[in-house]
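S.K.: Residue-level listing of the chains:
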Amino acid sequence: MFSVSHKTAFVVDHCPYMAESSRQLIECDMLTKSRSQGVIPLAPVSKSLWTCAIECSMEYCRILFDVYPTWKLVNYIVSDSEVHILNSWKQEDQNTHELMAALAAVGPPNPRQDPECCSVLHGLVAAVESLCKITEYQHESRTTLMDTADRVANRGRIICLTNAKSDTHVRMLEDCVLETIQEQNKRAAGSDRLMPIQQCELVLVHIYPQGEETLVSDRQKKELSSMLSSEVHSVRAGRYLASKLNVLVQQHFDLASTTITNIPMKEEQHANTSANYDVELLHHRDAHMEFIKSGDLHMAGSTSRDSGLKETVTLKWCTPRTNSVELHYCTGAYRISPVDVNSRPSSCLTNFLLNGRSVLLEQPRKSGSKVISHMLSSHGGEIFLHVLNSTRSTLEDPPSISEGCGGRVTDYRITDFGEFMRENRLTPFPDSMIDAAGRTPVERAKSQLERYTRYWPMIISQTTIFNMQAVVPLANLIVKDTLTDEDVLTCQKTVYNLVDMERKSDPLPISTVGSRGKGPKRDEQYRIMWNELETLVKAHVGTSERHQRVLECISACRSKPPEEEERKKRGRKREDKEDKTEKNGKDTEEKGWTTDSERLKGVMEREKDEQSECEIIKDSPDSPEPLNKKPRLATEEQQPPEKSKDDALHSIHPYLQLHASHLDDVIPHLCRHPLQALWSACFCYHCLKDQRTVCANSIYIRNGLITNTSLYSSITVTLLALGSL
Amino acid sequence: MPTVVLLDSSLSMTRPVSVEGSEEFQRKNLAVHGLTMLFEHMATNYRLEFTSLVAFSSLWELLVPFSRDYNTLQVVLVTDGALGIGRGSLRHSLQTVKQRVDDKKFPLPFPFPSKLYVMCIANAEELQATDSMDNLEQLINLNGGEGQIYTMEGPLCLKSVQSMFGKLIDQAYSPFHAVLRCGNLTSDVQVFPRPEPVTIDEEVDPIPKTVQTDLEIVGFIEIGDISSPPVLSRHLVLPIAVSKEGDEIGTGATDDTEEETSTNQMAGKSPNFCVLLHGSLKVEGMVALVQLGPDWFGMLYSQADSKKKSNLMMSLFDPGSEPLPWLGRMSQLGPASDAAENPYGEDDSKSPFPIQPKHKRSYAQNVTVWIKASGLQTDVQKILRNAKKLPEKTQTFYKELNRLRKAALAFGFWELLKSVAELLERECTLLPDSAHPDAAFQLSHAAQQLKLASSGDSKYAVFEQNITPMLTDFSGGGGADRI
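Just so you know, the protein sequences line up as chains A and B, in that order. According to full-length UniProt numbering, the residues represented by the first sequence are 1 to 725, in order. According to full-length UniProt numbering, the residues represented by the second sequence are 1 to 483, in order.
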């Protein structure tokens, strides 16, 4: 985690001698033929040692930041008569743009500066001091580890680009670094913001102009002390230096090279022809792990054209067939950086990938068999080399899910659960997003899943309400953490709508699985539906007071004969009869007044009938409490409305008479629940129909008392008689 | 992990074991007894394990082969610890391990992640009396410490061989049972193969992380958004029926005995959350993110083996707070419904993924690299090409000019600025008579500005300051605004 590559300090010599030319000439006056006559071409330009050092170190950083956007930090130091520290270890300072701006401010070395006061030593001392400074990552790790904070190591690397005088000069630089480390470690021991250096790698790169003999010899890595190792590279400026730093960045950060071959690309000059190109990419070497393990590396690899030192693995471009979204079995994904970032083939490839296409890569094999081993794909503007699993799976030929537990069930609510998954999709929240209860977004996601699944039948035949379109608005809302008044209203409308359906005896999608014949009777169906709806809402009743109100609404509106047990004992005889009545009612709906009054008569009779029966069971705990109101209901029903406005029953029944056309709406319920002394709810029927706000006109009548009489003055009222409270 | 069982069938394995009374056993019989126990255990509780059996003495014979190679293995070596003598014996091989040539390397460490279990049909005292134990330990060390040596406790008999293999089974072949949860919807499952503990950072956090037995779904993501993420391992998630006593009835995938079949049929007919989840994941093309432990996540998805067969599969991400850069920190993923605006759009046309990093990568931001001469030449050519098409290409001309200027300033390459200035001046003199008068003005203005910058004068060499087109009567003053 905190290896040597966590911190890299670049020290670039800015002394007058670095202004010397590299003597690598670049022709930048490329005259076109037509104009070349009579024009003397400009002299070629040549970079200074400084320019060579800067552009190669920037290239090192570019590759580093592409492959490791975090965790691998660079501190850039320029040294002449003083030290210029161009950035800090902070993550926000880790980009080439900032460094380029700072370098521009420093400018090229001044050849007229007094060479006596200039030295790269200032920079090396500053680099050691800088390595002692704690990074954000080290700080964070130390804070989280607390008592084992000493596990957080402090290691680093100094890459020094300079022009040394001799091997003795090099030794002097090394000694200086070693002494400074010892000194700084003493200082660091007593500080919170500093850490002693445990291990430091010094990489000295001696740069000399082309055509000159080097005064400094190459030297392999050597341990100077337990803390410091040092290596010396003596390199000619120009492309030699560039390829040296390219090799170093690969060594330092465990990178490897892959060359994508056979990339078809349109020719610039001849747009209708296409040639095949190669593009070399760098990435973490683990992307080649499979080749290393299988010993295929040498077979697949070929030597890169540009440098004799490094190897590259060649993978063949497979033209993508479709844009299909597929989940590949991928064992690793590594960020890439093109070696030659602004060459045309490179930018063609990267732009293709950045536009959202993925490319599968084929590993050439001796046998000629085709093995797709990698995939290039971009995510959020970053390109990754995905390693696809090409070895044999240990999970071959597993049993199908249909052969296991629950595999024989055929009516899973697949579509509904799909909808559920869409509703529970995740999205990223900013780091500061923690809610009032101190929960992180992921905790909120879990608690949402908990709420959404409090009542969630898995199969179609286990549920009625979730098979009903009419319940959807309520079912979607009730699971929410908070409800608005409007939401409550929507839920209430849903309930009223169900009441309406029940009134009209609309068929319900009740499963007939497991039951003989046609399944339960209509009113039994509604009872099942109401029970289920209540179960759903009860599961959420504790969430808020508004959720509670939804349950109240259901309890108030629903039909639920409390004597159902008793009725079962009495057999199905009456139910059949009732059912017929119901059907008749429906059939004759349009026949109007006469039929209705006839039916009303029948209802009254039956009601009396049931009354006597209910007296028999009055001791039962299930028997409705306000029995004493029942006779009044029956007898007073036909009285004129003017008489007793204060009495709930009086106030209701006038409407029965006044709006005879709506009797139809009331009677079936009267018939079905004759024992109910409670008229639970009524509402403005017209408003509901028009989908206007109903709230103010809703009234609840409990135990025979109207609790909200606001609609007295209002228009047509339909009564619905419903279950016990 | 597939298993290779290596059974020592050398002569020493036929040594009799003294058992009081009853019939006489050879060590080989004990080994076979132990292996039978192991295979029976696998057949009932670890069915999907691939196993191969090799018998060896001085030579070896593959009795039951794998048909191909795998990338990980468990090796169970059953031996009496009599190492043999002379060339080819383990003792000799270990002594000469460093003298071997490349093409005859010692087989350990295996070139793939592996565990080596040595089952000794001998007790520890017996092995320690000679150097057998040391040699066997050396084998484990050669395998990077991956593995373990088991010895028999007490007398060599069926009971102690059973207890020894029992330990191996507990260690390496106990099925991983867990509860898969999505809020209140749950299913008992077996995760196969067993997820092994993972250590990511040996130095700072050396404690291996284990997958918890409560697998909690935290939410859902489209396959396109999760986008072939890298995973540590893949596992089948098989629903299991748990009887009242808490014993596993089976994965329902077998049809051995009639009794079992009927139990399985029952289990097959009662709805199971795994099947529901699998079906919807498959239909919707989504994955479920599942929490495996603190700061450790994985994903559940439908994996099709063939057109007919598909299964619920779980892949484990690297432990840590941000295993997939394009999803961001896992703890910051919350319900989309909590967002002020639906991040997926009202018509599902958008997605909050992938997360865009703060800084663009080099290949996405038109960086300037002049390491190869051709890079520099191309950039100069671009400027000249646009220079010839002034004033139409004023914008691109200055854009390319400024890009070159910035890089030259950063690289301290003032010589280039001077050269390009000269090139532009020459372009100016070469302008045909038909050229727009503005072209000459812009060219000499640009050349002058480059020269000023190349002088290092702090007024003209500011990195962030661009050269703006000259305002001429011809350009109508619009040029500067458009930059």
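Certain hints may be false.
Straight-line Cα separation of at most 30 Å, DSSO-like style, residue types lysine-lysine; simulated pairs [unchecked claim]:
| no. | chain 1 | residue 1 | chain 2 | residue 2 |
| --- | --- | --- | --- | --- |
| 1 | B | K372 | B | K350 |
| 2 | B | K393 | A | K266 |
| 3 | B | K418 | A | K316 |
| 4 | B | K307 | A | K266 |
| 5 | B | K393 | A | K133 |
| 6 | B | K209 | A | K72 |
| 7 | B | K389 | A | K370 |
| 8 | B | K406 | B | K418 |
| 9 | A | K165 | A | K222 |
| 10 | A | K90 | B | K389 |
| 11 | B | K309 | B | K282 |
| 12 | A | K266 | B | K308 |
| 13 | A | K90 | B | K358 |
| 14 | A | K480 | B | K406 |
| 15 | A | K538 | B | K372 |
| 16 | A | K72 | B | K358 |
Since the hints were made in silico from the structure, they are not lab data.
S.K.: Would you mind marking each hint as holding or not holding in the structure?
M.R.: Each hint tested on the structure:
Distance restraint check for K372 (chain B) and K350 (chain B): the Cα-Cα separation of roughly 42 Å exceeds the 30 Å cut-off, and the hinted pair is therefore not satisfied. With a C-alpha separation of about 25 Å, the suggested pair K393 (chain B) and K266 (chain A) falls inside the 30 Å cut-off, and the hint holds. Annotation: proposed proximity of K418 (chain B) to K316 (chain A) is violated, straight-line Cα distance about 44 Å (limit 30 Å). Simply put, K307 (chain B) and K266 (chain A) have alpha-carbon atoms about 38 Å apart, too far for the 30 Å limit, and the pair is violated.
With a C-alpha separation of about 50 Å, the suggested pair K393 (chain B) and K133 (chain A) falls outside the 30 Å cut-off, and the hint is violated. Restraint check for K209 (chain B) and K72 (chain A): satisfied, since their Cα atoms lie roughly 25 Å apart, inside the 30 Å limit. At most 30 Å may separate the alpha-carbon atoms for a hinted pair to count; K389 (chain B) and K370 (chain A) exceed this at roughly 50 Å. For the hint pairing K406 (chain B) with K418 (chain B), the CA-to-CA distance comes to about 14 Å; that is within 30 Å, so the pair holds.
With a CA separation close to 20 Å, the supplied pair K165 (chain A) and K222 (chain A) stays within the 30 Å bound. Distance restraint check for K90 (chain A) and K389 (chain B): the Cα-Cα separation of roughly 45 Å exceeds the 30 Å cut-off, and the hinted pair is therefore not satisfied. Restraint check for K309 (chain B) and K282 (chain B): satisfied, since their Cα atoms lie roughly 12 Å apart, inside the 30 Å limit. Taken as a hint, the K266 (chain A) and K308 (chain B) pair is broken in the structure, with Cα atoms around 42 Å apart against an allowance of 30 Å.
Distance restraint check for K90 (chain A) and K358 (chain B): the Cα-Cα separation of roughly 14 Å lies within the 30 Å cut-off, and the hinted pair is therefore satisfied. Of the supplied pair hints, the one linking K480 (chain A) and K406 (chain B) is violated, its CA atoms being roughly 55 Å apart against a limit of 30 Å. Restraint check: the Cα-Cα separation between K538 (chain A) and K372 (chain B) comes to about 73 Å, which exceeds 30 Å; the hinted pair is violated. Pair hint K72 (chain A) plus K358 (chain B) holds up; C-alpha atoms about 16 Å apart against a cutoff of 30 Å.
Checked against the numbered hints above, the structure breaks hints 1, 3, 4, 5, 7, 10, 12, 14, 15 and satisfies the rest.
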